[in-house]
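Can you join these two chains into the complex? Each is in its own frame, and there are hints to help.
Protein sequence lines correspond, in order, to chains H and V.
The working numbering puts the first residue of the first sequence at 775, with every later residue one more than the last.
The working numbering puts the first residue of the second sequence at -7, with every later residue one more than the last.
It should be emphasised that the hints constitute simulated quantities derived from the structure, not laboratory data.
Since the model is a prediction, treat every value here as computed from it, not as a measurement.
It is possible that some hints are incorrect.
[Claimed, not checked] Think about it this way: if two alpha-carbon atoms lie no more than 30 Å apart in a straight line, the pair counts; the simulated DSS-like pairs of lysine-lysine are: (1) K899(H) x K111(V); (2) K41(V) x K899(H); (3) K899(H) x K84(V); (4) K80(V) x K826(H); (5) K72(V) x K1227(H); (6) K899(H) x K65(V); (7) K7(V) x K62(V); (8) K846(H) x K977(H); (9) K825(H) x K79(V); (10) K977(H) x K111(V); (11) K825(H) x K111(V); (12) K1227(H) x K1181(H); (13) K825(H) x K80(V); (14) K79(V) x K17(V); (15) K24(V) x K846(H); (16) K1033(H) x K825(H); (17) K62(V) x K899(H); (18) K111(V) x K122(V); (19) K891(H) x K111(V); (20) K890(H) x K111(V); (21) K79(V) x K41(V); (22) K42(V) x K921(H).
[Unchecked claim] Among the chain V residues that face chain H by a calculated CB cut under 7 Å, a handful are: (23) I89; (24) G95; (25) T98.
From the three backbone atoms N, C-alpha and C, an ideal C-beta is built for every residue, glycine too.
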Amino acid sequence: MERTIDCFFWNPNLGVEDGLDFTYEEVGNGITLKKPIFTIDVLEKIIAGIKKARQDYLLNHDIPAVLDAIDKVTALWMDPGYKGRKMARDVLPTVTGFSVEMIESWGFDYFFDILKKENLPLLGKLQPNNFREFSSLGDGLVKAYGKSYIHHSNYQPEVIGHICAGNILGLAAFEMVMDKLVDAATWVKVPSEEPVFGALYAKSIEEIDPLLAHTIAVLPFGSDNTMVQEFLFSKSDIVRATGGENARKNLSELAEKYKVPLAGHWHKFSFITIAREYLDSQAREIAELASLDVCAWDQQGCFSPQEIFAETGGSVSPKDFAKLLAEEMETTSRALPKGTNSGKMHVLDGYYQYFTKEMMGEPVKIFPSSTHQWLVIYDESTTNFEPSPLFRVIRVKPISDIMEIPKRVKPIGTFLQTVGVAIPHDRLIPFADAMGEAGATNIRTISSMTLQKAWEPWDGRFPLNELFEHDAVHWVSIDTRDIATEIKTALQRKRSIVDQRRSPQRK
Amino acid sequence: MVKNIVRFPSDEWIKIFKEELNNNKAYEEAAKDWEGDFLFVITPDEDLKKETVFYIDLWHGKCRDAYLVKGEKNAMFVFKGPYSNWKKVIRKELDPIRGLIRGLFTVEGDSRVILDQAKAAQELVNTASKIPVVF
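Next up, chain V with everything else stripped away, as it sits in the complex (with noise of 0.2 Å):
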């Protein structure tokens, strides 16, 4: 159960993401046969003033890492978009496979998969979302 208000986005609430992400049998079950790490890439805009990245280490199921990214990384997939944007989803006014769909988002890699991994995406909509976070 998280209690803290965390800030997003902060190493903080990255940590707390795998923690909680870890705790959803739902996510593990839509996300079973997934393998592959993800960089999430805020881009600044008017209320964010720097680039921040996260590093998430997606595999069947579990999060086997998640962290701050400080330095260079590379992942299978980068998905990246505005903070604005970013702060939508978590608020879950904006689903994610939409937002790439729209252009809301981009994505490197093959976006296909991602799309065919629609309701594991939507979990790990609602985990973040059950986050109290302060933007």
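In isolation and in its complexed conformation, chain H is listed as follows (with noise of 0.2 Å):
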């Protein structure tokens, strides 16, 4: 079925419809992606409307009123009858390449429960020296580093742009949110790899509570298009924007050239540890767990793991852990398949790379896939930290003390972010301390890597808190204060998933 979808949303009662151009992107599958040409008397009357609708309902609003239309729209979107649920299954899998499985799987079922009204971080500001120490927050613990040196601080901003990048579904609509809990009206930069959820996600406000909505534009533009990107940062009181190094580059200079302040989250590496303690009966368990944070997003997300670390010492051999791995990540691609943007070209260089290592008599085996939808390599020729090719191959290595690991990752700590662990609690304070002194933000249950929890901190720094003050305070968060019990919830999710997959799709 042909059918032409809007990227874009602000007040339809602006009238600006008529003195735009839009184009016309065919994406296949029947789908064509519209976006507006703007022009920059456009974009002042878009901007004009976003305030003023600001002014006269959100700043006049309850704060209850506010929380109980996002949740109105959370629970929208979480019934897969939904009908932008249903557009966005249909479209999303050509968009964005990646399947509808892992869409409706990974990204509605799991990622709205972060916007529910009882989950929004509504927690205020944290006193960092009442932090000083892993301490109880949420389900979890977080700890605080470095000085409250406070460099930028507006507790009113009108105005708060978002640029989004592409690789984290969803991110528009927990923007749009955020602003909405410190009455701000909102622009959106949507990504070029996905300009369509985040119009969909506006809509769904507008259906709820159309005032609030109109607070919101949601807008579809190139990279490139400087005159646009410098008209809205003139006319914003803070950006956050996500990408990676060149995104950091352009918009530093651009937050420079205007004085306003960035709120950056840019190319990150995550990874996971596992502790010998849970290499031993449960090392199936655990290869479950870890071949889901692998398979999650295809492995695109900056809190994606990029290699696993496994302790040596345990019954079961971090080479022998890799083989385990490599049935589990079968199983799990099954449940949650590639889409059209499998990477497998990436694969296939992964697997040449290692094979002729494996060949010339290098400490290293591979363990492929028959249809090069995933690949594990187990490595012990190097310890150094490397990166990925992505597209789920992931690399096993051996170490002898998981608190070697800090160590070796200090020299990129500042690229660090999630670490998904499977280690037990009495080890994993320190481990997690040493982490958080070399640069890690979030550590994370074997198998969560991907899933944040409303309360944590996002590259060291909230959510909430950081759309007002900058300081030099870098958080380090632990999802869970129990993480035995916490990994027997994941392997209960991470089975639901493959058990619903094997049953017939729903409707």
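Structure (structure tokens):
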């Protein structure tokens, strides 16, 4: 069926569409993406519109009513029968290259949990001096590192801009919600790789509370459109951006030029650490869980693991663990298959590179998928941290003591983000502390690496507080106070996904 | 009807606040399910030299007790912020719930319980704003 999808949103009553030209991009499967070609005149009207809606409605609206509206929108998206979700299910696999199973399960069933009213991060500002040791927050622990030297503070931002990277589906929704909690008007630049979901989500807000939605503008434009970016920066009190190295460089210059505070979330590395205590009778369960972290979002997120460090000394060796992982990768990949953007060449490159090493007698063993959907590599030739080719290619490296890892990753400390762990509690705290010192920000139970909890910091800063205040404090979280129970829960979740996908597809 | 102008913060102010709150039907309705006492902690800034603490015992839409704390006191919730922000709340320039979310105030105790009582919180502010004060 032919369909044209609007990749933009603003208050339709502004009447600016008549003055705009649009591009129509066919992306396959009968889907055409409609995007506006912005002029400064039109952007002026859109920004004036969201500011007016903020002034007239949001500032006079009770916070509980805002929370209720967000909760109703979340309930819509958690319903598989919701028309917006059906549209996303039909369109996003083509647009993003992710499989429909990935989008449905990991995207809708789990991502939207963070936007439930009871999970929203309404904690106010934490005092770093109360968290100089790992202390309770949410159902986990946090610790503050560094001094609270405040270099930006504005508790009443009028307009917040967001530039979203394409590798995190749903980020635009999260940003819209955060801004409404702080009474700010919002513009969101949706990514070229996935320009659809932001507009669908804004429209779902409009269904529930039109005036709240009219404080939001979803604007698709290219990263190379300096005219639009410069205009939007000049109209913003703060901009939060996610992206790679080019985005960091370009947006930092723009922020400097317009003296706009920039909350940047740039390229990061994440990995998994498994302690010897879990490489025993539980080793297969841990392999099950690790396979989910590798498969989630086809390893495209900054929170996706690029390596696995497995500690020696357990009854299952790191090499045998790699074999178990390969078996579980096959099972999990059937439940959460790759989409059209399979990165097959990346997998093949990894295969031939390590096949050659193995043939040359290096201490390497490859465990390939027969269809090159994934690749597990056991590699004891180096203990250095190496980036993965991604697309479900993962290296397992032996390590004699997990406390060696913080020293090894210290040189890339500013790039560290999430560490997926299967480490018993008594060893987890000192490990997390050392990793926090090294630069990591989120310690998460294995298989939960891509599932941020609402209370957790993001790249060392709390997402809501970051919209008001920037300081030198670096927050580190552990996503649970009871890792043994969390692993059991994670295993149930993982098996329910696999079992569900074995059953006939939901309507 | 309050006629005299009183100083904020003071014991006199909190006593009048209690009286006014118990005459506020809108608060009584909004807070009919509320059970819990508060310490309102006003921390010093350039206009206030010494920390001031009010104790307020709120129970099903009524204020059972309220006074200026001298010495130690515990309560289910501690709502804390600088004097300048309290002044904004009393002048109705700052919604305390929004202040909490932004981190302009901090709370000890389950903040979600307070967030669920936003209407009652608004009536507390409405009551406070009607008391003529000098800062």
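Status of the hints after comparison with the structure:
1. K899(H) x K111(V): holds, 22 Å
2. K41(V) x K899(H): Status holds; Cα separation ~23 Å.
3. K899(H) x K84(V): holds, 22 Å
4. K80(V) x K826(H): Holds, because 24 Å separates the two Cα atoms, which is no more than 30 Å.
5. K72(V) x K1227(H): holds, 26 Å
6. K899(H) x K65(V): Between K899(H) and K65(V) the Cα gap is close to 24 Å, so the pair holds against 30 Å.
7. K7(V) x K62(V): Given pair K7(V), K62(V) holds - Cα atoms ~15 Å apart, limit 30 Å.
8. K846(H) x K977(H): holds, 13 Å
9. K825(H) x K79(V): holds, 27 Å
10. K977(H) x K111(V): Status holds; Cα separation ~29 Å.
11. K825(H) x K111(V): holds, 26 Å
12. K1227(H) x K1181(H): holds, 28 Å
13. K825(H) x K80(V): holds, 23 Å
14. K79(V) x K17(V): Given that 30 Å is the threshold and the Cα spacing comes to 24 Å, the pair holds.
15. K24(V) x K846(H): holds, 26 Å
16. K1033(H) x K825(H): holds, 20 Å
17. K62(V) x K899(H): holds, 27 Å
18. K111(V) x K122(V): holds, 17 Å
19. K891(H) x K111(V): holds, 17 Å
20. K890(H) x K111(V): holds, 21 Å
21. K79(V) x K41(V): Distance ~15 Å between K79(V) and K41(V) Cα, so the pair holds.
22. K42(V) x K921(H): holds, 26 Å
23. I89: This hint holds: I89(V) lies near chain H, its Cβ roughly 5 Å from the closest one there, short of 7 Å.
24. G95: Check passed: Cβ of G95(V) comes within 3 Å of chain H, closer than 7 Å.
25. T98: holds, 6 Å
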